[in-house]
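Counting from 1 along the sequence shown, just add 11 to a position and that's the residue number in the working numbering.
A couple of the hints might just be wrong.
[What the hints assert, rightly or not] Simulated DEER-style distance windows between Cβ atoms: (1) 15 / 38: 18 to 24 Å; (2) 93 / 38: 25 to 31 Å; (3) 106 / 12: 25 to 31 Å.
[Stated by the list, open to error] EDC-like mimics (lysine to aspartate or glutamate), calculated; alpha carbons at most 20 Å apart, straight line: (4) 21 / 73; (5) 41 / 101; (6) 93 / 55; (7) 41 / 79; (8) 56 / 101; (9) 104 / 86; (10) 27 / 44; (11) 56 / 44; (12) 61 / 79; (13) 61 / 44; (14) 56 / 38; (15) 41 / 55; (16) 41 / 24; (17) 56 / 73; (18) 61 / 73.
No wet-lab data here; the hints were simulated from the structure. Glycine residues also receive a C-beta, built at the ideal position from the N, C-alpha and C atoms.
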Amino acid sequence: MISQNSVIGKGSEIGKGVFLKNSILMDNVKVGDYSYLVGTIIADKSRIGKWNHLREDTIVGEEVLTRDGVLLNRETIILPNKEVTEPIYERGKIIL
12 MISQNSVIGK
22 GSEIGKGVFL
32 KNSILMDNVK
42 VGDYSYLVGT
52 IIADKSRIGK
62 WNHLREDTIV
72 GEEVLTRDGV
82 LLNRETIILP
92 NKEVTEPIYE
102 RGKIIL
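Make a model of the complete structure from these sequences and hints.
Written as structure tokens, this is what we have:
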């Protein structure tokens, strides 16, 4: 389901069963199947794995890769060119 309050950039791909609400996906973003994104901003060329859960006020920088099954808790910030392989449970964590 994609809500009316979401913006999807040019060349972006959304997998099946994705829940997208109040979010911004910039250009050439790929979101894996069955992921849940609410209130997030995903920068250009990032890849969100399958079964990811990105909570409110999360910001993902350019060319970030999140592996399958990753949780990013509220207010997480991932700087560009990072790979996230494990859940981030801490609220407001910044990945440098």
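A quick look at each hint next to the structure:
Look at residue 15 against residue 38: about 20 Å separates their beta carbons, and that is inside 18 to 24 Å. For the pair residue 93 and residue 38, the beta carbons lie near 19 Å from each other, so the given range of 25 to 31 Å is not met. In this structure the hint that residue 106 and residue 12 lie 25 to 31 Å apart at CB holds, the actual value being about 28 Å. Simply put, residue 21 and residue 73 have alpha-carbon atoms about 15 Å apart, close enough for the 20 Å limit, and the pair holds.
The suggested pairing of residue 41 with residue 101 is violated, with an alpha-carbon distance near 25 Å, which exceeds 20 Å. Between residue 93 and residue 55, the direct Cα distance comes to roughly 13 Å. Compliance with the 20 Å bound is thereby established for this hinted pair. With a CA separation close to 13 Å, the supplied pair residue 41 and residue 79 stays within the 20 Å bound. Restraint check: the Cα-Cα separation between residue 56 and residue 101 comes to about 25 Å, which exceeds 20 Å; the hinted pair is violated.
With a CA separation close to 7 Å, the supplied pair residue 104 and residue 86 stays within the 20 Å bound. For the suggested pair residue 27 and residue 44, the alpha carbons sit about 5 Å apart, so the restraint of at most 20 Å is met. Among the hinted pairs, residue 56 with residue 44 is consistent with the structure: their alpha-carbon atoms are about 17 Å apart, no more than 20 Å. Taking the CA atoms of residue 61 and residue 79, the gap is about 5 Å. The hint holds against a cut of 20 Å.
Distance restraint check for residue 61 and residue 44: the Cα-Cα separation of roughly 5 Å lies within the 20 Å cut-off, and the hinted pair is therefore satisfied. Between residue 56 and residue 38 the CA atoms are separated by roughly 7 Å; this keeps the pair inside 20 Å, and the hint holds. For the proposed pair residue 41 and residue 55, the alpha carbon gap of about 9 Å is at most 20 Å, so the pair holds. Proposed proximity of residue 41 and residue 24 is supported: the alpha carbons are some 5 Å apart, at most 20 Å.
Restraint check: the Cα-Cα separation between residue 56 and residue 73 comes to about 6 Å, which is no more than 20 Å; the hinted pair holds. Between residue 61 and residue 73 the alpha-carbon distance is near 18 Å, which keeps this suggested pair within the 20 Å criterion.
Hint compliance for this structure: hints 2, 5 and 8 are not met, and every other hint is.
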